[in-house]
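Student: Please take these sequences and the hints and turn them into a complete structure.
These protein sequence lines map, in sequence, to chains V, Y and H.
If you count by numbering that gives the first Met the number 0, then the first sequence holds residues 0 to 156, one letter each, in order.
If you count by numbering that gives the first Met the number 0, then the second sequence holds residues 0 to 780, one letter each, in order.
If you count by numbering that gives the first Met the number 0, then the third sequence holds residues 0 to 293, one letter each, in order.
The set of hints was computed from the structure by calculation and includes no laboratory data.
Just so you know, nobody snuck in bad clues.
Examples of chain Y residues lying across from chain H (beta carbon under 10 Å, computed): (1) S133; (2) M684; (3) P705; (4) S707.
Covered stretches of chain Y (chain V as the covering partner; in silico rule of three or more C-beta atoms under 8 Å from a C-beta of chain V): (5) 29-39; (6) 248-256.
Just a sample of chain V residues kept apart from chain Y, beta carbon distances all over 10 Å, derived: (7) R3; (8) S6; (9) N8; (10) G11; (11) R71; (12) R72; (13) D82; (14) L83; (15) T84; (16) H117; (17) K120; (18) K148; (19) Q149.
Every residue gets a Cβ at the ideal spot worked out from N, C-alpha and C, and that includes glycine.
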Amino acid sequence: MTRRVISLNVNGAERSVQVGPLERLIDVLRDELWLKSVKEGCSTGDCGICAVMVDGKLVNSCLMLAAQCDGRRVLTLEGLQNDLTMKRLQGSFIANNAAQCGFCTPAMLMASWDLARHSSKPSTEEVKVAMSGILCRCTGYYQIIDSVKQGCREERR
Amino acid sequence: MSEQVSQLLDSLREKAAKGELLYIGENIARVDSLEKVLGKPVYTADLIPKGTLYAKLFHSSVPHGTIRAMELGAAKAYPGVLGVLTWRDIPGLNQSSAVLPDRQLFAEPVVRSTADILGAVVAETLPAATEAASRVRVEYTPIPANYDPMEALRPDAYKIHPKGNIARQMKIRKGNVEDGFAKSDVIIEKTYKTQFQDATPLEPEVGLAIPEDGGVKVIGSMQSPHHTQAAVAKVIGLPPEKVHVIQAITGGAFGPKSDETPFDVCSTAALAAMKYRRPVFCGLDREDSMVMHTKRHPFVISHKTGVTSDGMLVADESMIVGDTGAYASLGVFVIVRATFHTVGAYEVPNVKADSYLVYTNNTYTGSLRGFGGPQALFAIESQMEELARKLGMDPLEFRLRNMLVPGKKNATSAVMDASCGLPECVEKVVASSNYWEKAARYRDQTGSVRRGLGIALLMHGNSLGPEGNDYGAVHMEIESDGTVSVGTGLTEYGTGAISGLMQVASSILGVPLTRFKLERPDTTKHRESGPTVASRVVVIGGNAAMKAAEKLKGTLMPLAAQMLKASPGDVALVDGVAFDRQNPSATLAWNDLVAEAYRRGLNLKEEGFYMAPAAPWDTESGQGTPYVQYTWGALIAEVEVDTETGYYKVVGVHTAYDVGKAVNPAGVLGQIYGGTVQGLGYAMMEELIHKDGFVVNPNLGDYYIPTSMDIPAEFKAFIVEVPGPLGPFGAKIIAEPPIVLPGPAIRNAVLNATGVSVDELPVTSEKVLMGSKARPSPLAV
Amino acid sequence: MSSVELYSPTDLADALRFIEHKGEEVAVIASGTDLIPRMRKRQVSPSVLLDISSFQSDLRYVRQSDGGVSLGALTTLTDVLESSLFNGKLSVIHEAAEIFGAPQVRNVATVGGNVCSAASSEDLIPVLMALGARLKVISSGGERTVPIKDFVVGKRETALKPSEILAEVRFDYPKGKYWTGFEKLGRRNMLIISLVSMAMRLTLEDDLSTVRSASIALNRVSGRVPALASKTEEFLVGSKLSEKTIVEAQKVLATELALTSDFRSSAAYRMEIAQVYLKRLLLRCSERIRRETE
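Tutor: Below, the structure is given as structure tokens:
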């Protein structure tokens, strides 16, 4: 298998990594770049736990080949630690008991952050749609929805 | 004294008046929330050091057979592979079973299901291990296989295990059912079936083993570190002290992580680590996990139930058959709980039950939230609905006449006492759902879209009950900077119960939870506390935590009194401030108190141990008190059915649980929401399908768990608090119960909307349209 | 899934040259949302993957031209949802795209990828069939146009030659008084592999009650191919959509097509649903046509 070097911007930093043809974006993020907030839940693109932002769109990193990310901008939860919107969402998640086992939490936060960027007062329905591709087995979604609505609301000043 | 200080002292005095209940009932943020929202690398797969080897398990490709030959050459020769482990590489015992010794780690020579593990490829990378594992070739001599527990029960059926196909039997004999039936005006006989459910924790089972001190350190995703320690030690042939197990933060469990799968991955990783003297990671991907870990037992439950014409239950006879698959696992206890709950939350004077835990060649079943309760209550609550309809009586009215209230006796003849909060639960959901008005309105509907209400009531015996000694230990140490470090062999995997246990300790001590720190469960540091199952953390562990906290308080309060120059009885400790009630301006900060305690060499390390009272019952009659305490609940579901397609939505859920005392209401609600939605999945869409012993849909694209789009638009949850005798402040268990009622409530709601009785879970749109027996013909795989 | 190579061509011409001769062993990959899970499950084992995902300017567009709409093969489902070209009468595409997969999947899954997958479960293919879509297929030797109903030939089988790439999906705006609609049934409300879905384009005569023509497509057809219910379409031409006619049409549907059975549901149930959808779509589309004209 021929490996190749790809260059991508991850969380604001230019990174060069050597990848094999079948290596996926999630493998690069977790194993090369040590960004462990990206989780693997199903390997078939059905659970959304591996969701990250690529060129401004939420995608399942377990289905994207690393080689296809050459030249792209990737954002994970680690890259948003100082982001005000994300901090508000994280605080809201804590206050509303939205993280139980925590395994879906990074993906839920990424999807919520993506929503918050586009909508400062999302309805319950909009929040449900935004997280509709991310499975949670622990919470039943209700406290996550409350967290997102509250976390987005505080956006408006 | 300034205004501010005066206000502060007033508030301290108010809080002090709450005594031990200081922080009980508060929605305090969980201790583990922060690291989770920050996405910290705390799960097992996040902890893999560079240079770790990967072990990939491979499993049987036939459901029943004898291994004739195993060709490992191609696998071994694959680049990056160090070796292939099989039964020959086990220095200790080739065993990996939770209760009965009926299961091996690496099956040999007989395989009894497609989930049977045959060995593991160990390689430098996971892709290499995976590819090599696909090149293992095994030849089997087939043995007749049986996938139907009713068939396997027959005396002439092929014996899957030498002792026969019945792994456990149980009975209930209360009163005399024949007399009861003779007195009955209406008798209904019906059979109900439930399906295999997959727990689907979002983190699959994983373990990491690192050679350490002539033994091995094992870090893994699990519910029971000490059981895992014992299992691994057995396999690698070393004393348990040489196996150091640490539970990593665990991404969901729901049952299978207390059964054999953590033993399998951890033992395999340990074997490889010992052999190759390097760290080894053994993890299951989703497909492996769904094939190999334990599922919920499918049950076939037949009831013959007699009632009088004025709606009083007289007799119930049930036959309860659980398919435990190829190995018994925790099925030996699942069948017990299911049997004790055979008539649910109702008083039936005459009860006869015969239950059988049966081996088949399906993949094996074991622990899953509810543990026999969901199946038992699906059957009895559906039967109650059928009886009500036959009597021409409102289903709620019928239930009210028969439900357990203080003074009535359940199936084991245990008398319900004042701690039975069922009536209050029913009251709450009836009011919230506007039941009477809607039920009347829905009796006269026209059009093809119909609505219906369905009810189910819950009795859920608390904690381990009849399964064995129910104990827990909590270690608590105050560090020199005032941090309260808590350690226990009980585990957190999402429920928030450990935080609840710590909240109890924090309330006793008078120190905010933010000053507490949780140690990772570690077999070298924490005493064995039984498995973390049966929702027992707050009830059993909480009591142990109370004891530890009380001991620490007993050491610190006299010192505080001395330092405040107050008499011991006047000293209160609240929010980390000690003060003299008689002279509140004299205060002492927690850090200063602890520092002084250290200076004086006082002991600030305590352990609390709690064992629940024995739960005695007679094995011949099933009578006695197998449970010391019960959680009660009620759920009313409202559905809207498109009768042309059978497609339906749950438009409303109204549910209440008597939890005795809600230590952390937001946490309790989290369990109610989560458990109900998991129960909704069980009711409507989840079905792990076997065809000829193979799991047809071991992936999340073909096995459907609810998404955010599937949850009811209206969900009203109520916490009822009628203190029980067992838990701290009267607390009862809550983690499991919410999964039980959605199945029957939704089934009954659909029945009331459409007149269609679906007697087999899940209640799919196909069954609603085509009738209960509608089964898709399985694709030839 | 071991010794697979990935070829990232410099431009479209390079890609076409690559598959001109190597075509047989090559699998084209755009988003990978269909291909990668199948490779993991060992359902396919190509030796080379041809990555066309970078040809955004060549192949990703939604354009109105010459009385119709052209969609580049790399147009994502999100692009489709965000386009204003599919509102109202052409909402059949929106209706399908809205419940397609999940947001993260819609953001990368492509129209071309969906068409070329030719999976029995495909929802987009019936929609494009109902719109009478034509596919532009390119190779080093030139290009050709294939009507979609001739493109999808069997379960995961298309008329695409190994040396070809699907470049564009195009359909003309239907003429006259028409409306479109889509219905899908799954076991849950999102991330659904459909049990059965149906797409329709209905055109009425100027009297707003006689059927001029209909395109009715569904998935899960036996032989495992999304297909047009052509006999049902023929039957409806010239009819007035009375209750009686619709019942008759449902019968024609049941006799002309068999649907598949699998572990998710039976053929009998799927046909029951298909018949209900037929009725609902006919009524809904005709109602919308009348309302629009008023």
